[in-house]
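Undergrad: Okay, here's what each chain looks like letter by letter:
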Amino acid sequence: MYSQTLSKPLQDYSRQLREWSASECRPYARQADIDKRRPDNWREILDTAPIPLGRADVPEPDTVPTFEEGHWVSHFAFYENINYGDVWVHPTLGNGGIGHLVVQAMGTPAQIEKWYDDVFVAQRGDTGFALTEPGFGSDTSQVSTTAVQDGDSWVINGTKMYCTGGAFADYVVVFATIDKSNGARGINAFIVPRGTPGFTVAKENEDKLGIRSWTTSELVFTDCAVPLENRLGWSAEGGDAQVGKGQGGALSALAWNRPNMAAMAIGLAQASIDTVTPILRGQRAGFTPQRWAAVELDLEAMNAALERGRRLGYLAQTTVDQGAPSRTLSAASKGYVPETVERVIRHCMQLLGPEGASKELLLEKWYRDCKIIDIFEGSGQVQRIVVGRSLLGRLAG
Amino acid sequence: MMNLVPDEELTEVGDLARSIGAELLAPAARDAERAGAVPDDVWRKLFETGLAVPVPEEHGGGGVPDPMTMLTVVENLAHGDPAIALAAYWNGAGALLLAEHGSTEQHQHLAALATQPERRTAVALHEGFGRGAAELATTVQVDGDHLRLVGTKRAVPFASDAELVLVVATDPDAGALRVVVVPAGAAGVTVVPDSGRLALDAVRAADVDFDVELPASALLGGAEAPADVEVLVQRLRLWAAAAALGTAQRAIEYAAEYATGRIAFGQPIGAFQGVSFPLAEASMRIEAARLELVGAVLALDERPATEHDDLVSLAASYAYGVGTQSTRDAVQTLGGHGFIKDHPVELWYRSAAAMAALDTDPARAPFSARL
Ligand SMILES: Cc1cc2nc3c(=O)[nH]c(=O)nc-3n(C[C@H](O)[C@H](O)[C@H](O)COP(=O)(O)OP(=O)(O)OC[C@H]3O[C@@H](n4cnc5c(N)ncnc54)[C@H](O)[C@@H]3O)c2cc1C
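Taken in sequence, the protein lines are chains A and B.
For what it's worth, this note's numbering labels the leading residue of the first sequence as 1, then goes sequentially.
For what it's worth, this note's numbering labels the leading residue of the second sequence as 1001, then goes sequentially.
In isolation and in its complexed conformation, chain B is listed as follows (with noise of 0.2 Å):
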């Protein structure tokens, strides 16, 4: 039976996030910004409230939500701060990788992260561009008790200090995709230095170039067993692009905000279809965007796995598209005053944009002027 509508207890921990996003992240955005780092003290009450690092009981953790109460929560911690809340997703999103697919070695290492908030893991996801996963040209080979990996990672958070790195490759022998644990320090792994972003500075992401040789059980899940890993690096793609929406989302409300306030030609902004209607598409866009992620997380399910770069590549595509045009539609909302930093709205422009640029497919989002 068809049901698109998110049941009380989704809707309970959207609310929590968005609550948690309001009170505690939203205030400490520009400090995050500026330092290059989420500020400790938020740090640690984002890691107490059991939100930021998804790691079993029986591994010393709050538990690991499911698929779907992931992305409401990113989407709903976003609209407090995207920069704090990819932060805190990707280091969550390490500790979670280990959970779900580590072998009995390889989870020894969460008791740690479950309950020390100054640990942090990285995901090596992406590439130069919004490549699906079946086309990572990173690789690993195994041969014998070892395994070389090798290929560069763009974007990578807290590349300098996490101290696992969990890195998406592709195994061209077994024609399938792995993870590999490379602990901080390896030889052969080069972080390049970073010259910084157009936003999400608090994420701490730097490209980071792999020549490595290590054990063959540093493959996430062990030699023996290492883990498919393909769906759960697809759900890393959809709750990532959650953030662009619940950041979509917080600028159009503070844009619609503004826009009853402020008077022109006699009458507040907002009576002006020139200013309500953008803001109107914004709304109707990203309630259709959100349930093509729903839509994507259970698709994942449900359709073969040839299918699944496609459909993520698209969803997603199309929800960095409509993080983009809000965002913009929030500026322009406020005018000259959106342009100044006294506003938000210029930081959730840079940083949609920021986000769309790590994960977009070109094949999938083609180039429209506006017509």
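Isolated chain A, as found in the complex (with noise of 0.2 Å):
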């Protein structure tokens, strides 16, 4: 049976968190802005939270409670209203960097239990996923970084851009080729904990048009070892063979993550048109009634706009709670819901006026922070080349 309506639950905690988020969190926004980087008290901000965060910082256990919808559509939930205070703040709870998410997909017992249940759910650790490389993006099969396997090591050698959190993580999945004659085959995933000989930082952060509170960094492996046992889905004797491999393994790990950046970017959009209707609403006078009735269908318009993106996103991720998961649903709630976003963040800043751009109020920056979400994880292009696929098969691309 159809029902567009979260339990009651998952409905209180999804307003406490965006209540709470807008109230604590986004006062601190526009300085985590300038200052390229999360505010220095934000545990202290992160303490004032009525409810779970699922916080890595804390001692005691702070889970996301899993509501009756299931796992995937308490996230949704969690990345809208989270991302309603501003920005800053998911990164924080230690799950900015998504390279756990590569674990639990690819990885065997024996590193699923080390590095996702130990590193990252038992102390709490940062990850990073380090895919992308100066010359390739979208295109994965172009990994340049190679992985040679020298005695009990695997030695890397080669250099990542735009790692989310990668100048902070406990460690880092880095993709490699192990045979480049082999083309997308031949490229695998590595664990490489921070720390490891032949593993620098060599840019922290880029200097960048939005979410600038979170750390992109670049990173180099110059000779770069790590122990057999860190290629994902291997022991130090062999492969297992129950586990996926390779690059598929890894892209479809990440395709579940993508309604949860529509979700982040419906939490931004929803949260510039909260600011500006009562700015206009106390405004009203100086609108002729023509006028005035033109800001109230657009409003109207710019609720309707997000509520389709929140029902693709809800759908998408229901059919992963109930095991039947779809990448095309998946990829039609990333395709659909950032352009749009945009457009409404846009619009409400031209319903201000010469207010709407001004730094005094925070929609010049989402509109800046938004622009990423139709760019990373899977591009606006690369979503509809997957939807595509589903009606027209390889010759979509």
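Hints are computed from structural coordinates only; laboratory data are not their basis.
Treat each hint with caution, since some may be false.
Covered by chain A, according to a simulated footprint, are these stretches of chain B (three or more residues, beta-carbon under 8 Å) [claimed, not checked]: (1) 1129 to 1135; (2) 1196 to 1206; (3) 1301 to 1312.
Computed list of lysine to aspartate or glutamate pairs in EDC-like fashion (alpha-carbon distance at most 20 Å, straight line) [as the list claims (entries may be wrong)]: (4) B:Lys1341 x A:Glu206; (5) B:Lys1341 x A:Asp207; (6) A:Lys359 x B:Glu1118; (7) A:Lys359 x B:Asp1211; (8) A:Lys359 x B:Glu1058; (9) A:Lys203 x A:Asp35.
All C-beta atoms, glycine included, are put in the ideal place defined by N, C-alpha and C.
Hints given; two lone chains; assemble the complex.
TA: Shown next, in the form of structure tokens:
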């Protein structure tokens, strides 16, 4: 049976999260953008949360509850509402990086126990995902970082860029080819812990248009040796037949995270609408009746546009929770939302006029922040190729 | 007879402005943003080109371009850098208002403006949102030999630097649009401290509150014969909107060039329609928007004044919409690299949105989701 109502506990959790992120986190948004890092007192800010956030920096478990809808639907709601405050908040929770998702999807049981259960969950470590290189982003078959077996180590050489959280991660999952002649099949993932000799941070953070509080690092690997068992899906003795290998595994692990990025975009756009609505109502006297009618229609249309995006995202994540995930739906959610969100935020600025682009408000910042969402974790075009393939097969592309 | 092809002279001026944009403005864009001002040497060189301050020859200037030439000049300077182009444009707009409509006494200012690059004027036009000139809430009322100017202007260029602020206001008694020439530091002028903006920092904009009493001779044109500024004010909006198109054009050219060199999936990304089509769309729309601005400039002389607000709002809102969409598509074309300050597309993305916030009429540019 169709229902478009979240369960009461998830609704309550979402509302509390949204109110808290707006009232306690948003006041630090401007400074985090200027400083290009999270607020120094981020721990104290997180301490004020009335609900569990899944914090990585506290000893007692602070796990985000899984509601009856399931893990992925709960996380969709989580990402929208935590980003409603601002984009600086969720990376502080230790899940800004996504390397652990690859471990979970591609690791052997022993690797999952060590790097997911132990380092990521129990020790609440930060992880990074290092796939992109200067020469490619979308076309992951172009990995030029190499891994060569030398006795009981893999020796990695290459440069990775735009790695979220890379400079501070406890470990980074690095994609490297062990056999260039084997194309995409030669690409493997390796766990490289921070401090491994030969692993250096060439640039801690890029100078970016938006999400400036996030760390976006360039990493260089020079004769960087890791033990054989750090190759995901393999042990020192050899491959584990039960686990997915290579690039494909990595990408499906990420597919389910894509709607979460759409949720992040929706959070920013909803925050923008909710910022301008009361301001406009207060200025209503300055509008002619026709123009005021136009403003009201716009507010309605923008809210409806976000609602469409939400439904797609919830549908995609429900299929994951029900055990029948669809890459197409996941791509549809991530493909549909970001550009509409850009338009919503831009239109909110235009409705206010010159004040809309002033740093007095956060609209201008959210307009900068939101642009990345149509680029990373698969660009808008890449999502359309995925959706197109569900109709046209390999012809689409 | 219909002719929408620019003539040779217009093309030449456009080319000249484009090359000044490329050689002088573009290289200074990042410095101008960092400093929140046009670098001094750039300003002086731009001043020397004669394109920056339109003052008639009889007042010591290099002449006043006709409205179509202005449109072309602003667009093509903005192709170099929108912030510097708009700084020059809005400063020049003050001189232009004085030259076109000033009294003999007000013309006295022109010689200095035409010869001394450090002089600044400001035009205070915009209010809360893209409202047509006829609906401005700032008023001027004349009482005997005095006038009172009351209202708030938003994003006034050079608000703290200008020695003269030309404030556009409605005179409810006369039922007409007026300009009041307000000297810097006049009692009752309050520049609101500015917290910065999304872009266009070199324009040095700030909001200004006015509650000013001045001699009635401060009306542009003088107390006896205050000027009818309506058409020129509408042109100012159209010329400013041309900057959005220059920015858009530059952004898609840059993106197209990038797309010919960046390889993915075995080909330059420009070979994918997912990359080339958005740029092609932008190109078509820029052309259409430019013609709409041209059409609106012509219509200001052809159509009754009652229609001016609507046709200007429509043309300007469309141009700003094209500006924002084209610049987002340019960032998108570069992917992650477009998001990093190593490339200028992020600057154009911000600039186009900042321009669009100045003068988009909600009744003429409704929200549309990406379908
Ligand atoms: C802030 C930030 C954080 C990031 N975090 C990470 C991270 O943690 N880990 C990581 O590995 N990477 C990360 N990235 C990199 C990001 O995933 C890439 O930027 C993205 O994959 C796009 O790749 P690219 O920039 O090389 O663009 P390109 O792949 O060069 O693409 C350029 C343009 O061409 C389009 N295009 C490419 N191929 C096609 C096609 N076949 N058909 C149609 N259009 C096509 C793209 O959609 C895009 O518009 C991050 C980037 C940024 C900016």
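Undergrad: Would you mind confirming whether the straight-line C-alpha gap from B:Lys1341 to A:Glu206 stays at or under 20 Å?
TA: Holds, at roughly 8 Å.
Undergrad: Is it true that the CA of A:Lys359 sits at most 20 Å from the CA of B:Glu1118?
TA: violated, 28 Å
Undergrad: According to a criterion of three or more residues whose C-beta lies within less than 8 Å of a C-beta of chain A, is the region 1129 to 1135 of chain B covered?
TA: Contact hint for the region 1129 to 1135 of chain B vs chain A: holds, 4 residues under 8 Å.
Undergrad: Quick check: do three or more residues in the region 1301 to 1312 of chain B have a beta carbon closer than 8 Å to a beta carbon of chain A?
TA: violated (count 0)
Undergrad: Given the hinted pair A:Lys359 and B:Asp1211, is their alpha-carbon gap at most 20 Å?
TA: violated, 26 Å
Undergrad: Is the hinted pair B:Lys1341 and A:Asp207 satisfied, with a Cα-Cα distance of at most 20 Å?
TA: Measuring from Cα to Cα gives roughly 6 Å; hence the hint holds.
Undergrad: Between A:Lys359 and B:Glu1058, does the CA-CA distance stay at or below 20 Å?
TA: violated, 43 Å
Undergrad: How about the region 1196 to 1206 of chain B: do at least three of its residues have a C-beta closer than 8 Å to a C-beta of chain A?
TA: holds (count 5)
Undergrad: When you check the alpha-carbon spacing of A:Lys203 and A:Asp35, does it fall within 20 Å?
TA: At roughly 16 Å apart (the allowed maximum being 20 Å), A:Asp35 and A:Lys203 satisfy the hint.
In the structure shown, a violation is registered for the earlier hints numbered 3, 6, 7 and 8, in ascending order.
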